[in-house]
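Peer 1: Each chain, written out:
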Amino acid sequence: MNGVHQSGSSTVWSLVLFATLALFAATLYAIFVVAPVEQQMGIVQKIFYFHVPSAYAMYIGFGVSAVGSAVYLLKRDPRWDALGVAGAEVGTLFCLIVLLTGPLWARKAWGVWWTWDPRLTTTLLAGMIFAAYLALRSMGDAGEVEKRFAAGLALFGLVDLPLIHYSVQRWRGVHPTVITGKGGGLESEMYWALGLSFIAFTGLAVLLIWARASVERQREESARLRLELMHR
Amino acid sequence: MRALIAALVLGCTMLITPMALADSPPEPDTAAAETQEDAAEERATQFVGVRGPEAESIPGGALLLGAYAIVWALLFLFLMRMRGLQRQTAEELERLSAEIRASEGR
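So the protein sequences, as listed, match chains A and B. Take the first sequence: its letters are residues 1 to 232, numbered as in my numbering. Take the second sequence: its letters are residues 1001 to 1106, numbered as in my numbering.
One or more hints might be untrue.
[Claimed, not checked] Over the 10 Å line for every Cβ pair with chain A, so calculated as not near, a few chain B residues:
| id | residue |
| --- | --- |
| 1 | V1009 |
| 2 | E1034 |
| 3 | E1037 |
| 4 | T1089 |
| 5 | E1099 |
| 6 | S1103 |
[Unchecked claim] Computed footprint of chain B on chain A, listed as stretches where at least three residues anywhere in the stretch have a Cβ under 8 Å from a Cβ of chain B:
| id | segment |
| --- | --- |
| 7 | 50–64 |
| 8 | 102–112 |
| 9 | 160–174 |
[What the hints assert, rightly or not] What the simulated footprint calls covered on chain A by chain B, stretch by stretch (three residues with Cβ under 8 Å from a Cβ of chain B suffice, anywhere in the stretch; the number is not a length):
| id | segment |
| --- | --- |
| 10 | 204–213 |
| 11 | 217–224 |
Rather than coming from a laboratory, the hints here were simulated on the basis of the structure. Backbone N, C-alpha and C fix where the C-beta goes; we use that ideal spot for every residue, glycine too.
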């Protein structure tokens, strides 16, 4: 039964992988061939098609980490802890992508690499919270106390996510609000490119979290065996 | 005596005239020379910061290329790290399982 479950899981994994790869190819075509060059900013605006979906994938990663951590605190099941670690790592990866690609666009659009805009600042804060989570979890084999503390940190990081999202609407800042309710919107070809990119990044985030959680569960199993061997 | 006075006047004229000419400001020739001089004087007397993106030319293509390169490079590094972690964990699991089997056999 376990073998059948594993085989089914492997098939789903392969399907998601191929769908994501195909979507990435279509996304790149839509970005560089279909979507027009923006009138004001020129070609540098095309950073937007990877920058915004990366931010969305960051939300997925950090959200999964917080959910995994919350359930772990309730049930103390190591599988949820593994999901928490995987979400935090993948979320931090996409957060790093957001924080590095954003300044490259800002240099052209604003004339500066960085400014303490509310959205930029809250994104940096979320990155730092989850970097602290990963630093805590990377110190050898985490004990029960470290795991619980890290889970609390992930829940604390979750509070920052709505702040990032609504910061551009609530506080005055310079970050664009093109695709929010207040924005002027995009041209239809631009929407297509962005939509495809959103789906591709969702697939990528799911795949990475899935793979990383699987490795983390193996590490948990390895730690359990080491403990068992020590007590013999 | 008259000859001495005449020599002194001549000597003074020869010494002072070039000095007087050297100190006098040169006549401006053209408007371009004037502008150059103003720019040089501004550089020497004040520093003014760049205001806004239009003040300098920033290569958008290079920034775009850099952004996409960063995305692919980070994803590649993450996958490589995960692969290494998976291999290391699988090897450790194999070793620990073998040790447990050996201890059960004893």
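Peer 1: Compare the structure with each hint and give your call.
Peer 2: Results of checking the hints against the structure:
For V1009 of chain B, the requirement that its beta carbon stay farther than 10 Å from each beta carbon of chain A is met, with the minimum near 67 Å. For E1034 of chain B, the requirement that its beta carbon stay farther than 10 Å from each beta carbon of chain A is met, with the minimum near 31 Å. Distance check on E1037 of chain B: its Cβ is at least 30 Å (rounded) from any Cβ of chain A, clearing the 10 Å threshold; non-interface status holds. With 10 Å as the threshold on Cβ separation, the claim that T1089 of chain B sits away from chain A is violated: the shortest Cβ distance comes to roughly 5 Å.
At roughly 6 Å, the least C-beta separation between E1099 of chain B and chain A is not larger than 10 Å, which violates its mark as non-interface. At the 10 Å boundary, the C-beta of S1103 of chain B falls inside the reach of chain A, the nearest C-beta of that chain being 5 Å off. Counting residues of the segment 50–64 of chain A whose CB falls under 8 Å from any CB of chain B gives 3; the rule of at least 3 is met. Counting residues of the segment 102–112 of chain A whose beta carbon lies closer than 8 Å to any beta carbon of chain B gives 7, which reaches the threshold of three, so the coverage claim holds.
Given a C-beta distance limit of less than 8 Å, the hint that chain B covers the segment 160–174 of chain A is violated, as 0 residues qualify and 3 are needed. For the segment 204–213 of chain A, the assignment as covered by chain B holds, since 4 residues bring a beta-carbon within under 8 Å of that chain's beta-carbons and 3 suffice. Residues of the segment 217–224 of chain A lying with their CB closer than 8 Å to a CB of chain B number 4, which satisfies the three-residue condition for coverage.
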